[in-house]
Every structure is written in structure tokens, then in C-alpha cells.
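Here is what each chain is made of, one letter per residue.
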Amino acid sequence: MSATELVTVTVDGREVHVPPGTGLVETALAAGVEIPVFCYEPRLGAAVGACRMCLCEIEGMPKLQAACTLTATNGMIVRTAQTSERAAEGQEATLEFILVNHPLDCPVCDKGGECPLQDLTFRWGPGNTRMTFPKRTFEKPIPISPAIALDRERCILCYRCTRFSESVAEDGQLVALNRGAESVIATFEDEPYLAPFSGNVIELCPVGALTSTQYRFEARPWEIQNVPTVCGLCPVGCNIQATTREGKVKRILSRNHPEVDEGWLCDKGRFAFTHLRARDRIADPLRRVRRRGFDVLSWDDALGEAAELLMQAQGRIVTALSGSETVEQAYALGRLMRAGLGAHTGVLPEETSPALDAFRLPLSAIRDAELEPVAERAPIVELWVKAARRQGAQVEQAGDALEGCRRLADKRNALGKSLRESERAILIWSGEEGAGGAHLAALAKELGFAGKPASGAFHLPCTPNGRGIADAWAAASDDEGPNPEPIGLLFVSGDEAAADPNVRALAERAERVIVNAMFQGLAVGWADLVLPGTSYLERDGTYVNLEGRLQRLRRAVIPPAPDELAWISKLAERFAVEVSPHASAVFAEVSERIYDGLPFGEVGEEAPLRTRSEAPAPQLPSEPAAEGKGLRLVRYRPLFSGPAVERVPELQFQRPAPEVELSPGDAGRRGIAPGETVTVTHNGTSLQLRARITKSLREGIVRIAAEHAGELGGTVEVAK
Amino acid sequence: MARGNPIDSVKGFGVTFKQIFKKPITQQYPEYKRPVYPRFRGRHRLHVHENGLEKCVGCSLCAAACPADCIRVVAAENTADNRVSAGERYARIYEINMSRCIFCGYCELACPFDAITLGNEYEISEYSRDDLIYTKDMLLAEPIKKVPVADRDLYDTPIPYYQEHS
Ligand code: SF4
Ligand code: SF4
Ligand code: SF4
Ligand code: SF4
Ligand code: FES
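Taken in sequence, the protein lines are chains Y and G.
Each residue of the first sequence is one higher than the one before, counting from 1 in my numbering.
Each residue of the second sequence is one higher than the one before, counting from 721 in my numbering.
With the rest of the complex left out, here is chain G (with noise of 0.2 Å):
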């Protein structure tokens, strides 16, 4: 090993010693939450149709995309009585087991209706695994707990579609 020069030494504790005159980066979570990026991938929502209809047609194609296989998509039909959605099928069960999840987002690029997306929370840590077993409702109710986001505007992220669009 080449003998280190004692000039860089001194160098490296300088640094050291200039930090301690900062100011701590050091933020009180959960007091203080620290806006994330728009487009940063937290827990997923489902979405619904402006008239009330989910977005969701059953297709699997996210649970396809699904690198930790954690979605599961029962389809049905249907009917006059009970339409559910705008085609022929619906997911009458659609789960996502969250602490399988890698928060890849292929489920989001896979749905062919926008209808599956990641939104902005991370706070969803639970006492018991079963818990994290995201239903259908769960993933089309408003999440409970809001996580603050940094401006748009800043980051020039394009608004996603599927606000614009519905």
C-alpha cells in the first residue's frame, strides 16, 4: 500500500470539522413529512369512470406484468342488473398483497384502461401481513393517511391522464 501523504489527512479532517458549524439535514419523521416527488410510486389506487363505472375490466394484465406475482384478478360478467364496469367483464375480486409489492409500477404501464396507478402514500405499515392484503375497496376508497407532495410545477411533471381524462 502506497504511503498516504499527512497534507490530505489534515485535509479530510478539515471537512470533518467545518460540519460541525452546520446546520443538521436531520428532519423529526413522522412530525415532519418531507413532501415526495409527483410521480414518486407509493400504494396503489383503482380508479372509476366520471358516471360511477370502475375503470378495472378484470383482464389480468396487471397480475401478468407483476414481477412479485402479487395481484390476483377474479374476473365475472356483467349484467343489467349489476353492471359494475363499462365492458362485458369485471374483476369481481381484485387484491394486491402490498407486502409482496416491489412498487415497480409494471401494473400501472400493463392496464390497457389507466384504470390501476401508483399514488404518492408510503405510509402503509401494519401490525399483521394479512392486513396488507390491499381488497378492491381498499384500492378504490381515498387512502387514509395523505402524504404531501412536492409542487408540479417544480418538477414539471405532466399531469397524469388519467386526472385529465375520465
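Chain Y extracted, bound-state conformation (with noise of 0.2 Å):
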């Protein structure tokens, strides 16, 4: 920018040239000076002026002003509370004042420490309280949901947790009751604030009034390590600290990833980390004995018995990925399976596409788009896109992936042409059926998109690490060879892939089965031997991200058993083959062969996304024949499902109910109503759930959350 279009402002008695437009304390902050704030956050939305802290004199301004809610504008002079009395007096007298009812209860609080009342009235505030009279109180602390605790006596009511409800994350469930001083923050008629976002209200706050009951009372600001780490529970990879006391997680914050999370997280990273102590956690190898269930191995027989299982397969192996395993792990496992054992068949939950790599672009652009068609999304997706909305952008539901896609590409569609002439246009899709994303990378291709560098596409993945895992494990050696039949062995890595009732099918097919699980529960029954897992907070390794972002895992706690590369690295030797335990090893050799070369050192905190490359054209599978007549049937995996979630008492509560959701027109017809049980019937199997409508359901689909859906599939039909 030219210093013509940048306006100057004395803060202070310094002078600094800014652009128009920048909030005045943005403005101090680069003037080296600062103007402490409660209530002003840039991230939700326009300044309130709730709280008058940041009161500053303004020449030309006969009364002190909140500085969050001024811009900067040429030749203003402004004077903070360091050179200004008045100013200085207004600050005291403004925390006096919000002090006046506030309980000051800091050694039972769980904000105290990393508080910003009390770091504030320290520097700012009046040495002494004049209060003399006793304080208001309230019932406390109110649980507002399971997992979010309320205390209003500590509330100072700057409304940063309503304007995040009601304008970003857009539930619009916290609100604050009554005027004045009489003042509450309140849940929406006293229901439980249940809405996927709810934990980002506990950071905002800047006090203790909502705080978390999962943290409660676990922990002080200087008795915790803060790790840098990324949430591996979805497939956007938000940026989390894992905040960790005496070797065990206690929370999870947010680590502010501006193209990535702009500091939020969904409920589901927030909360549900409580599962690396889940009760049916296995912490040692386990074999199956008959009758007696199971037997508990050392690491030495656990190993061998693993070798002979691989051993006796004779190259007849099956590996069934997860999507949720790192980089270097799905690597060192490939190098096993394929160079050690012959065995290339790996089963990952959902194709991915490379073609896509050519319309990359931050998550944030989103946001700065014109125009959006979207089908299904992602936890944070949604956020971004709600965020687009509000700006003014064109968002549009284009329905089921693979119809919208043929009838945008069409030239004729009013929506295709307007996407072709915009510059800033980004689609958004998910869905299992897009395999992996070509069709929508075909689409992108068709409608231009690889010319403009504003314009791109999303597809949204069920699996946290698909792509990586995908290219990590065509990495692991070039030979290729043909499915086994029959499978001599089944290799599950991971409690996803244990969990999937495709892996399921698969395994009654096998002879032998290996379970690499975190959990009991996933094991039992099926598993001839079964490895303890270990979770995203307990490795060290690398993630991509569904934006194509390779992002840095770093090991929060020590995981109860060795992780999955201690043994995989042990397990190879014994067939010949040498992969590192060490993540950054196993990675450099990854790095060499798909990521140019990119040192682990320099993942960062805070990853870059990698440019936009030159993609091999979209391999457009066949199209699934239509079968039969009937609804076809959409299993999805819900945000709040998963062996994880399942764990979790405090996320319960968010875990869908057993629904069939149809569409209008589709339960018109059957005189289906809201809220009526249904039987939903699929090849002589039948399932009685209760029937939602929604609207942005197109005609012939149904779609059952996958932990409802049993054994149904293909088509099914829905009748009362």
C-alpha cells in the first residue's frame, strides 16, 4: 500500500501511519502502546462498547471515548491512560465500578491466573475497594449445558459469549435477560445451550464466569504445559493447545490458525479428548483364548505371535485403514505390508482425489467469496460459511454431490453461469459418493476455476488424515499387486476402521484378524490378536489436512502402551525392512518421495499451505448403476459420532437421535409426519426410527446417521 493511502494518528505522542479503517486499538497496539479491553473482539463481529475500558482522551472530543468503537482517521490525536490523567482516572474508575458486584472469589476460580479482570485491575484498577455493602448473588454455578458451567456473580456482562452465539456461531441460545443492572446472561428459556460450537463461549469469556466442567478445579496456569498440536478428530485440522497436568490432558484452547479455525473449535475437539481415559482403554497386547475371551500378552509375545499371524498369511493380507492414523504411520505401515509382506491391498473408509490439489485454497477464503454452492459440511466449514453469508455472499444449497455437480457443470443452469463468471467463487462438497472429489475437481476444472486464483474447491472428507494416508501408503513402494482371495489375514489399524461395518463384512471374509484399537469395546469378538492404539493427542507426526495443509501432530501425553510406530518399526525389522520409530526419520524419508523434500522441522506451528499444483485430470469412476426402485438410503457420519465421541459422557447430549430424515415431498406422499416412528425396510431387515423431515433434502434420498443405520443400505423403502 502507498503512504498516500495510509492515514496518520499520534498515539501518545507517537506517531504511526496506518490504513484507513483500523480500529484505534489496533492502531495503539502498533504504536507500541496498549489500551486494555474486555468486551472488544474483532472476531465477533462490530464493537459493542460494553464494558468502557478502553476509555481514551481524543483531542476534539470533549468526553473520553471507548477506543474499541473508533476507526482511525487522519490527524487524530489520541491519549491513552499512560500520558492522560483523565483517561488514566476513567480506566480506574471503570474497573472500580465492575468490581462493585464482582466476588473476587479468585482462589476457588477457575479463571484465576490467566485472568483478565485480574491481570487488568492489577495494572489499571484502584489499589482498594470503597464497597462496603454486600454484593449480589446468584445461584452458581448453573450448568447451562454438560459441559459449559455459568457463574453470574463473576460475569461482567461485556456480551462476548451472546454476540458469539448470535453472530457467528448463529444458534442465537445464549442471551442476555432483563436491563441494567437486573442484567443476566441466560440461556434461551432456561434449555441447555446445545449447539455444536458452544465451548468457544468458555474462551471468550473474559472472566470466570463460563467456564468449563470438564476443567473444573483440574488445574492452575502454573502448575500446565500448554502443546502445540492439531485436532485429529475431523478433517479440517484445527489448531489446538492440549493443555496437560501430571502427564494427563486436561483441556483443549484453541490455537488461533487464521486461514485454518480463526480460533475456534467445534465441541466435538473441544471436549472429547476425555477418551485417552475412557474405561475399556487398552493398555496391553491382547489375544484371543477360547471360552476365556482374552489373554494378556508381554510386548515380546505379542510381537511374535503378530509375525506368524503375518507369517502364515503368505502375502494374502488385507489392510484396513482407519483415515485417522498420521502420515509417518500410514507409511511405515505400508512399508510392512507392501515391501516387507507383498501385500498392497489397503482399505481406507472413502476414495480421495490428487485433482483437487490444482483448486487449493485457505479455509478463510471462504469467507471473502461471492458466491458458494454448498452441500453438507464440516464442523468449522460451517462457521466460515456462516461468516461468508453475513458479508454479503451468494450461498446456495445445491443438494446431493453428485446431481448438483452434473447439473452445475450444465451451461444452461442459471447457477453454473453465474459461477463461471464469478471471481471469487468456491464450492463446497461432501458426501462419500463424490469419490473422493473428482467430480468436483472435474466440475472446478469445467467451470474455469483453474484460472482464477480467488476461485477454488472443498470437498470435505469423513476422514481426518484420508488424503495423507492415501498418498503416505502409494508412497510406502512402488510395486503393485492383485486383492487377495481369499484374505488370509485382516490387519484393522485403528478404532475407526474397526468400528466400520464394511471393515466388519470384510473380516468375515478373512481367516485371521489383527486389531490395532484404543478400545475393548472395538475389539472384542472378531480380533485373533489385538495392538493397543494410541490417540492424535499421544503422536508425534504429521496430518494433511482437507485444504491440503500439512500440519505438525506433536505428542501431548505419554500413551499408555508404545505408540504405533515403536512396534510397526520392531514388527518390520523382523521381515527385512527398516523403518524408524521416530516420526521425524520416518518422515524425512515420506518428505523425499511426495513433499519435496520438506523438512519435519519446518511443518510449523502455524503450517502455510502449500501452493497449488499441477493435478493429474480428474479419474472419474464409473456411476453407480441405479438399483431397484425405492429411496435410496444416505448413511453420513454425524459430527458428534465416533468411538471418541461415544466415550465422552459431556458430549452425550450433542449425539444424533435415531432419525430417518426424508425429504417433503417423499413424506407427503406417505402421509409421514414429523416426529412419527417409522419402519424403514432394506432387504427383509427393518429398522422402526422416527421420521424428520428436512427441507434441503432432495426427492428419493433418505439419509440415517451411520450409528442408526444397522445393516441397511442401497435402497430401502419407508413406510408408517
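Calculated from the structure, these hints are not laboratory results.
Take these hints with a grain of salt, some might be off.
Listed next, the stretches of chain Y that the computed footprint assigns to chain G, with coverage defined by at least 3 CB atoms under 8 Å from CB atoms of chain G [unchecked claim]:
(1) 103-111
(2) 216-224
Residues of chain G placed beyond 12 Å of chain Y at every Cβ, according to the derived structure [said to hold, decoys possible]:
(3) Gly734
(4) Lys738
(5) Lys743
(6) Gln747
(7) Tyr749
(8) Leu838
(9) Asn840
(10) Pro863
(11) Ile864
Just so you know, even glycine gets a beta-carbon here, dropped at the ideal spot from N, CA and C.
Combine the two chains into a complex, taking the hints into account.
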């Protein structure tokens, strides 16, 4: 930007040049002056000026001004509390006023030690209190949801939480009741705060009014370590801090990556970490024994047994991957299976397509786009799409992925036409049927997105690291082999794979099964040998998120059993394959092959997005033949599902109800009203589910969450 | 080096010579225990209110203040059936590692509830290091060994707040 476009502002006698429209708080920061704030948070939209902490003297204005509500204009002269007696007095009075009814129960308050109110009072506030009357009291703590506790006494009414609820998550469930001094924060109609992003208000609250029930009284800021890592529960890969104390994860905080998550987390990422301490966590290798269930094995025996099982299968091995392994783990496993045993068949829950690399964009680009056809969503992507809509973007529901692609590729389609004309258009798609984004890539190509740097396409897979694993598995060996039949051994890597009905079906055809899982519940009954698994918080390595961003995972806590890389490396030794047990060394090898030799150390704390690459032409699979008549069933994985979520008591209320979603047309034809119990039939099996009418669903399709769909698949019939 | 005055040397020997006829001040510990000053900082105590509730709320401020990092506090929440302290929270685990403590008294200063104080006992040697980790029960109980304390009035020591109020 040239100097002429900048405005000059004097803050405490220091001149700074900033672009016009910059907030005064940021302007002062540019001059090296701090203006204290409570309510100001640019991510929540326009400033509201609720707390008056930011009072400043501005030349030409008679009264003290709330700096957070003003923007820089040319020639503005600002005097903060550092140089202005009046501003200092004003801030001190503000703090005294805030503290009039504040309980100051810091010793029992979870915010103590990391509390902006403590810090600002210490630095800017009065040294003493003049308040001699009893303070206002409320019932406390009020659990506004199983995961969040509200303490109204401590609330300073900054309205950060309600603004988040209203204008970021747009759930509107957190509201301010009453007026003036009587104002309190409450949930709408005192219903629990049930929303997928509710946990963010805990981090937004500048005092200890909204606290996490999981972290309640668990630790103090001086007793913890924060480990910067990445969430491994969905493909977005939000950047997180794992707070640990005495070797245990105590909470998850966001770590703002402005291109990925903007500092927000979904409740799954925030609260699901307690699955690490689930009751049925496996800590030792187990072997199935007839009738008695399982026997605990030593690691030496377990590796011997595993080697024997692998040997006996004579290469007729299928590896079922979860999609949640690290790149390194998938590569190491690939080396063992493919180079060591000649077993080249790896099954991923979902296809991925490298063709999308040509349309790569950061997730933050969604906010700045002007036109977005959307089909289904991943958690944080939903917030970006909402932000785009607030900024005036046209967001269109494109319905079902495959059908939508076909429709938009058509030149006569109105939406397709404006997509071709727009410079900032983004396609967001999910669903298992899109051939991992190949259809989407073909569409993006057809729309001419390759030449428009601000237009792109996102495919939202259902696995956190599907893309990285597919690449790493492919890089592990150059040979190819046929799919084994019959299957001698099924190697199940990870909990998601162990919970997948398709993998269970494969196991029926396999002679022996080795399962690598964290939880006993997933391994009992079908595994011959169980090797303990670890979680994303216990591993070192890298993940590739849905943008194609390579991000670094750091071990926050030591797992109860050695991590996968350690024993894969030991096992590979027995088959004369060399694999390092250290993520850095394995990554060096992978990087050589697929990431242009990028060093491990450079996959930094705030990972950059790799540039768009020339991608191969998308490989379109043959389209599935329409089978029979009836309604096509779409099984989907809801956000709050999976082995980790099932083991977290605070998240149970978020899990999907046993429902079948119908389009209004289909429901009307069958005389089904919302909430009625219906029977869903497929091939003689049937299930009783509650009916729910979803307007955005296309006719001919029904949706059921995978965990409630049982054995259903293909086409189904729904009747009252 | 300057040469010493021979007279000074003789003076010095004179001082030594005079001591021979004085009564020795060696005390026979442990038969005789010399009283300590009332504000001597020795083994810690945790205090309870008159109604039996613990004063400590498990805030960990003492642990933050401790320069030897020898206090470990793990807090938990009071429930209706299990009320341990007066506030919402209490110390489920409270441990002081006496082998690391330097008896500086910062923990006492940091505590917002006068829950922890340093007592007068100094006989805390043990045969094993593990025995020097004092648990909450040990700190709440009366110390087993007692040490005589010099007359309070003599030393003009104010009665501590925690003994006057509870
Ligand atoms: S919110 Fe902050 S100032 Fe208020 S009691 Fe808690 S720690 Fe103390
Ligand atoms: S609960 Fe916290 S975030 Fe909400 S208004 Fe009160 S102080 Fe602000
Ligand atoms: S006396 Fe000093 S060293 Fe000992 S526990 Fe207290 S603060 Fe720590
Ligand atoms: S002894 Fe005092 S400072 Fe230490 S945890 Fe208990 S209340 Fe807090
Ligand atoms: S920060 Fe400016 S009024 Fe709250």
C-alpha cells in the first residue's frame, strides 16, 4: 500500500501510519501502546462498547471515548491512560465499577491466574475497594449445558458470549435477560445450550463466568504445560493447545490459525479428549483364547504372535486403515505390508482425489467469496460459510453431491452460469459418493477455476487424514499386487476402521484378524490379536487436512502403551524392512517422495498452505447403476459420532437421535408427519426410526446417521 | 605483610585464657531442648475452622509462591454429601515435600485463607526420603514431636491471626 493511502495518527505522542479504518486498539498497538479491553473482539463482529475499559482521550472530543468503537482517521490525536490523567482516572473508575458486584473469589475461580480481570485490575485498577455493602449473589454454578458452567456473580456483562452465539455460531441460544443492573446471561428459555460450537464461549469469556465442567478445579495456569498440536478428529485440522498437567490432558484450547479455524473449535475437538482415559482403554496386547475371552500378552510375545500371523497369511493380507493415522504411521505400515510382505491392498473408508490440488485455497477464502454452492458441511467450515453469508455472499444449497455436480456443469443452469462469471466462487462438497472429490475437481475445471486464484473447491472427507494416508500408503512401495482372495489376514488399523461395518464384513471373509485399537469394546469378539492403539494427542507426526495443508501433530501425553510407530518398526525388522520408530526420520523418507523433501522441522506451528499444484486429470469412476426402486439411503457420519465421542459423557447429548431424514415430498406421499415412528426396510431387514422432514433434502433420498443405520444400505422403503 | 605488635598477640592469648574459667554453654541435645523463638519457621500445619471445615480451598497459590516447588495441590469440588471446605472447592490432595522445603514461609504469606502456617517443630528427620512427603492428613493432625517455645510475651510476638479467629 502506498503512503498516500495511510492515515497518520498520534498515540501518546508517537506517530503511526495505518490504513484508514483500522481500529484504534490496533492502531495504538502499532505504536507500541496497549489499550486494555474486555469486550472488544474483532472476530465477533462490530464493536459494542459494552465494558468501557478502553477509555481514551481524543483531541477534539469533550468526553472520554471508548477506543474500541473508533477507527483511525487522519490527524487523530489519541492519549491513553499512559499519558492522560483523565483517561487513567476513567479506567480506574470503570474497573472499580465492574468490581462493585464482582465476588473476587479468585482462589476458587477457575480463571484465576489467567484472568484478564485480575490482570487489568492489577495494572490499571484501584488498589483498594470502597465497596462496603453486601454484593449481589446468585445461585451458582448453573450448568447451562453438560459441558459449561455459568457463574452469574462473576459475569461483567461484556456480551462476548451472546455475540458469539448470535453472530458467529448463529444459534441464538445464549441471551442476556433483563435490563441494566438486573441483566444476566441465560440460555434461551432456560433450555440447555445445545450447539455444536458452544465451547468457544468458555474461551471468549474474559472472566470466570463461563467455565468448562471438565476442567473445573483441575489445574492452575502455573501447574500446566500447553502443547501446540492439531485436532485429529475431523478433516479440518483446527490448531489446538493441549493443556496437560501431571501427564494427563486436562483441556483443549484453540490456537488461532487465521487461515484454518480463526480461533474457533467445535465441541467435539474441545471436549472429546477424555476418551484417552475411557474405562475400556486397552493398555496391553491381548490374545483371544477360547471361551475365556482374552489373555494379556507381553509385548515380546505379542510381536512374535503378530509376526507369525503375518507370515502364515503368505501375503494374502488386507490392511483396513482408519483415516486417522498419521502420515508417518501409514507410511511405516505401508513399508511393512507392501515392501516386507508384498501385501499391497489397503482399504480406506473413503476415496480421495489428488485432482483437487489444482483448486487449493485456504479455508479463510470461504469468508471472502461471493458465491458458494454448498452441499453438507464439516464443523468449522460451517462457521466460515456463515461468515461469508454475513458478508453478503450468495450461499446456495446445491443438494446431493453427484447430482449437484452434474447440474452445475450444465451451461444452461443459472447458477452454473454465474459461477463461470464470478471471480470469487467456491464449491464446498462432501459425501461419500463424490469419488473423493474427483467429480468436484472435474466440475471446477469445467467452470474454469484453474485460472482464477480466488476461486476454488473443497471436498470435505469424513476422515481426518484420508488424503495424507492415501499418499503415504502409495509412496511406501512402487510395486502393485492383486487383491487377495480369500483373505488370509485382515489387519485393522485404528478405531474408526474397527467400528466400520464394511471392515467387519471383510473380517467375515478373513481367516485371521489383527486389530490395533484403543478400546476393548471395538476389539472383542472378532480379533485374534489386539494391539493397543493411541490417539492423536499421544502421537508425533503430520496430518494433511482437507485444504491439503500439512500440519504438525505433537505428543501431548505419553500413551499407556508404546505408540504404533514403535512396534511397526520392531515388526518390520523381522521382515527385513527398515523403518525408524521416530516420526521425524520416517517423515524425512516420506517427504523425499511426496513433499519435495520438506524438512520435518519446517512443518511449523502455523503451517502454510502449499501452493496449487498441477494436478492429474480427475479420474472419474463409473457411476453406480441405479438399483431397483424405492428411496436411496445415504448413510452419513454425523459430527458427534465415532468411538471417541461415544466415550465422553459431556458429549452424549450432542449425539444424533435415531432418526431418518426424509424430503417433504417423499414424506407427504407416504403420509408421514415429523416425529412419527416409521419402519425402514431393506432386503428383509427393517428398523424403527423417528421420521424427520428436512427441507434441503432432494426427493428420492433418505439420510440416516451411520450409527443408527444398522445393516441398511442401498435402496430402502419407508412406511408408517 | 605488616609486622604484628607482640603486645596484641599477648592480649589475644589473654582472651583465650579467661574462657578456661567460664562455664561452658554447650547444651545436651536431645536431653535438653532449647526453646525456639515464637516466630521460628518449622514444620507446616494446615488449619480447620471451628466448625470442622478445612480452611484450605485448594487454590494452589501456596504452590505458586513456593520457591522450592515442593507443594502439590490437587483440587476437587465440594458436594452436598462431601463438604470438606467452606468454598466450592477443596484440596483433595495436599502434599509438601519436606526434604525440599527451605522453610521460607512464602506459602504462609501467599495463602488467602491462613490455611497453612509454619509451626515451631524442627525435629523432622526420617530414615527414608519418602517419609518426608507430608500428606494432608499429617499436616492437619497435631505434630507428634513438640518443641518448647520461648515466652511469647518476652519476644513481643503478636498472636497470629489464625489463632485468634477461625
Ligand atoms: S473472574 Fe477473575 S477476578 Fe473474578 S473471581 Fe475469577 S479470577 Fe478472580
Ligand atoms: S458470561 Fe462472560 S462472556 Fe458472557 S457477558 Fe458475562 S463476562 Fe462476558
Ligand atoms: S516454606 Fe517455602 S519452601 Fe517450604 S513449602 Fe512453604 S513456600 Fe515452599
Ligand atoms: S493452603 Fe492456602 S494457598 Fe495453599 S491451596 Fe490451601 S488455601 Fe490455597
Ligand atoms: S473494550 Fe471498548 S468498551 Fe469494552
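Hints and how they fare:
no.: 1; hint: 103-111; in the structure: holds (count 4)
no.: 2; hint: 216-224; in the structure: holds (count 6)
no.: 3; hint: Gly734; in the structure: holds (59 Å)
no.: 4; hint: Lys738; in the structure: holds (57 Å)
no.: 5; hint: Lys743; in the structure: holds (53 Å)
no.: 6; hint: Gln747; in the structure: holds (43 Å)
no.: 7; hint: Tyr749; in the structure: holds (40 Å)
no.: 8; hint: Leu838; in the structure: holds (20 Å)
no.: 9; hint: Asn840; in the structure: holds (27 Å)
no.: 10; hint: Pro863; in the structure: holds (26 Å)
no.: 11; hint: Ile864; in the structure: holds (30 Å)
Hint check: no violations occur; every hint is consistent with the structure.
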